[in-house]
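First to last, the sequence lines map onto chains E and F.
Here the numbering used here is used: the first residue of the first sequence is -8, the next is one more, and so on.
Here the numbering used here is used: the first residue of the second sequence is -8, the next is one more, and so on.
Since the hints were made in silico from the structure, they are not lab data.
Fair warning: there could be bad hints in the mix.
If several chains are the same, the list does not tell them apart, and a pair holds so long as it fits within one copy or across any two.
Unchecked claim - Derived pair list, reagent style BS3-like, types lysine-lysine, alpha-carbon separation capped at 25 Å: (1) Lys317 - Lys130; (2) Lys257 - Lys4; (3) Lys357 - Lys188; (4) Lys235 - Lys130; (5) Lys271 - Lys95; (6) Lys367 - Lys188; (7) Lys188 - Lys374; (8) Lys35 - Lys257; (9) Lys257 - Lys130; (10) Lys185 - Lys359; (11) Lys82 - Lys185; (12) Lys185 - Lys(-3); (13) Lys130 - Lys297; (14) Lys4 - Lys367; (15) Lys185 - Lys357; (16) Lys333 - Lys257.
Protein chains: 2
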Amino acid sequence: MEGISKQALEGVKIIDLATAAAAPWIATFMADFGADVIKVEKPKEGDPIRGWGEQRDGIPLFWQAISRGKKSITLDLRKEKGKELLLELVKETDILIENFRPGKLESWGLAPEVLHEVNPRLIIMRVSGFGQYGPYSSKPGFGTLAEAMSGFAYTTGFPDGPPTLPALPLGDGITGIFGAFGVMVALYARDVQKMDKGQVLDLALYEPILRLLEGNTVDFDQLGLIRGRSGNRLPQTSPRNAYKTVDGEWIAISGSTPSTAIRVFKAIGQEHLLNDPRFKDNRARLKYAEDLDKIISEWVSQHTQKEAVQIFESFEVAVAPIYSVKDVFEDLHFNARETIIKIPSEELGEVALNNVIPKMSLTPGKIKSAAPSLGKHNQEVYKKIGLTDEQLSQLIEEGII
Amino acid sequence: MEGISKQALEGVKIIDLATAAAAPWIATFMADFGADVIKVEKPKEGDPIRGWGEQRDGIPLFWQAISRGKKSITLDLRKEKGKELLLELVKETDILIENFRPGKLESWGLAPEVLHEVNPRLIIMRVSGFGQYGPYSSKPGFGTLAEAMSGFAYTTGFPDGPPTLPALPLGDGITGIFGAFGVMVALYARDVQKMDKGQVLDLALYEPILRLLEGNTVDFDQLGLIRGRSGNRLPQTSPRNAYKTVDGEWIAISGSTPSTAIRVFKAIGQEHLLNDPRFKDNRARLKYAEDLDKIISEWVSQHTQKEAVQIFESFEVAVAPIYSVKDVFEDLHFNARETIIKIPSEELGEVALNNVIPKMSLTPGKIKSAAPSLGKHNQEVYKKIGLTDEQLSQLIEEGII
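Produce the complete structure using the sequences and hints provided.
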């Protein structure tokens, strides 16, 4: 069973020129399944992500998550010799990922046509705030702007409160995984459909999160419906909300099945509510959602989170505790599935990271290595394209690597 | 250039047995690039998604988005003859997608081993609330529960308010695209790495959204940090918030670059604030974020959304209007990129849907067709596996299709 010890993306070579969160994530997701990723960083400064968020003893932490399994080399693309080296590397590369402002790569003489001249099979994944063309294409792109313009913020939060932005790089994350899917589609076209040619992929940061809001698109188009904020309720089903427990924690109840309400009423010992015209069916419950939530809240407020979850679960209500990151670490099931695993790290001793998903039976992914220190793989990578120790020293001196 | 008129996933055959939102989305994303998707629905009732959300003249609207480009057949898997027909279809299939409660498929005699017996090359994508194994695996799975247990709700919203759930099927959407990526990785392993074998993929609804929160994982592991809710601020950079305009609209400002604050101060004509010790660098601004937001809010509250965006943009601040779905439809740039396009629909005349992403230069995706009516492709699909008109009538009579 020779093939089976292989990783799914073994031998797939990626150059990751990107920063901010979306585009580098594409390479991370692919490294998880065995792709060979070379992260290109600016000499001395390194990737700006190294400066993001929290640090421990000067070691950046978000960097650990997003750069796991990658190799790091330094290279200044603004210098002539830097460009030459990149083109040399591109010859042996399947995928190049970049997220410079549209036109930047071209201004350096590294347009897709130039890259395709040295390697016609190269897949070029371009991520940007607003895409490679269109009136806003030269505007800077950030996840927050995508979250604002997609309609996410407008519909998230409470009717009497402000629009709500996510507290994580959500627009970036969704773009990262959409981009990884796109790259795989292009690889399939090249290698299986025998196109034998690379191509250019154009993905704007606002597009993936907007795609997931497509339910609103059809509703507006067909009914003129402009959905606003409905807090933790949903416009489709009731009950659905977050309820506070006596120990100051919260639980969430999902009402996506018609029998949810019946089960909830049984669980709180108030089956008679089924005969109440306000709660007799989903349409009625939506109209009287406030009344219904008041009844549920009152019951929940007299139980601990653990009790409430247990009781609702025994009645097969779709219920869940609202978890902090600490709860995530301590959850029995998450531990059984190794949702979070520890890997060795030169810099931190050991570091906990989210495990590879999905789980695959024949070619399971794995985290190859901890995030690299700056330029850790200069020797390894540059020697493969024929550079000598002397040449490397020279390049360092000139600030090219 | 024969190959170039081909779609990237042309000839890839998918059976979509799934419902709820995550798993069917996997097939939708792949149909966008040319995969041939057969959606299997319960006779008469059809997919429960047909009952979700809004309708126009009895035509379900969310269904239009999630079932575009698919064929619909009816088939009752609970009946012996139904199982036989499924196994017949599986012989000619590359990918089977399912999201039954773990163990359900097995209880019907349709376990992966049985499917692999008739087609060893089959890729089986299994989506479930909590995965195929682990103590919670038999619990029901809904997006809301994933959003609650991943830490999303705990960190979204305001410090003095409740945890905030998203107003869209977010956990489902992220799972859908992660699943599509996983399927492509498995296809690559099978067809390019010459494994020549299918495999089983196991994806739990809580895993993908938790993966995007991985920054919190590392911070907790290394520093014991339990991040709570910080409203529209971010713990990493300031300013970042949503601000209300004089016309009752909102704008968002992203502070992910160090120069943002300088540009904001210039835009609001208060450059002197740079000398204020409270705002001199990002660390100081984070500490005095409330003061800073007050100053920005005051300025924004005197301008319309349009004015505020224009002025901030002229100073290169990362700013965006907070859009409703109506604004999305009217945006100049989105229109130029055809972010939303109209396609013909038998049932609705025409329907607006979110366009295929990413944009690919050589093998662009396209929406093949509008969502199908129930059983629309019974004739086409079943005749291909050799059934006659008589046999089809018989199957309908017996309630098998």
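Quick rundown of the hints versus the structure:
1. Only between protomers do Lys317 and Lys130 lie at most 25 Å apart by alpha-carbon distance; the minimum there is 22 Å, versus 39 Å within a single protomer.
2. With identical chains, the CA atoms of Lys257 and Lys4 are never at most 25 Å apart, being 57 Å at best within one copy and 45 Å at best between copies.
3. Proximity of Lys357 to Lys188 under the C-alpha cut-off of 25 Å is restricted to the inter-copy arrangement: shortest distance 20 Å between copies versus 29 Å within a copy.
4. Taking the shortest alpha-carbon separations for Lys235 and Lys130, only the inter-copy value of 22 Å comes in at or below 25 Å, while the best intra-copy value is 43 Å.
5. Proximity of Lys271 to Lys95 under the C-alpha cut-off of 25 Å is found in neither arrangement, the shortest distances being 60 Å within a copy and 31 Å between copies.
6. In this assembly of identical chains, Lys367 and Lys188 lie within 25 Å of each other by CA distance neither inside one copy nor across copies; the values are 32 Å within and 37 Å between.
7. Proximity of Lys188 to Lys374 under the C-alpha cut-off of 25 Å is found in neither arrangement, the shortest distances being 28 Å within a copy and 37 Å between copies.
8. Neither within a single protomer nor between protomers do Lys35 and Lys257 lie at most 25 Å apart by alpha-carbon distance, with minima of 64 Å and 31 Å respectively.
9. Within a single copy, Lys257 and Lys130 get their C-alpha atoms only as close as 55 Å, which misses the 25 Å cut-off; across copies the closest is 19 Å, which meets it.
10. In the homo-oligomer, the alpha carbons of Lys185 and Lys359 lie at most 25 Å apart only across protomers (22 Å), although the nearest pairing inside one protomer, at 30 Å, exceeds that limit.
11. For the homomeric pair Lys82 and Lys185, the shortest alpha-carbon distances inside one copy (19 Å) and between copies (24 Å) are both at most 25 Å.
12. Taking the shortest Cα distances, Lys185 and Lys(-3) sit within 25 Å of each other both inside one copy (22 Å) and across copies (10 Å).
13. With identical chains, the CA atoms of Lys130 and Lys297 are at most 25 Å apart between copies only, with a shortest distance of 16 Å across copies and 48 Å within one.
14. For the homomeric pair Lys4 and Lys367, the shortest alpha-carbon distance inside one copy (18 Å) is at most 25 Å, but the shortest distance between copies (43 Å) is not.
15. Only between protomers do Lys185 and Lys357 lie at most 25 Å apart by alpha-carbon distance; the minimum there is 20 Å, versus 29 Å within a single protomer.
16. Taking the shortest alpha-carbon separations for Lys333 and Lys257, neither the intra-copy value of 42 Å nor the inter-copy value of 46 Å comes in at or below 25 Å.
This entry does not satisfy hints 2, 5, 6, 7, 8, 16, going by the numbered hints stated previously.
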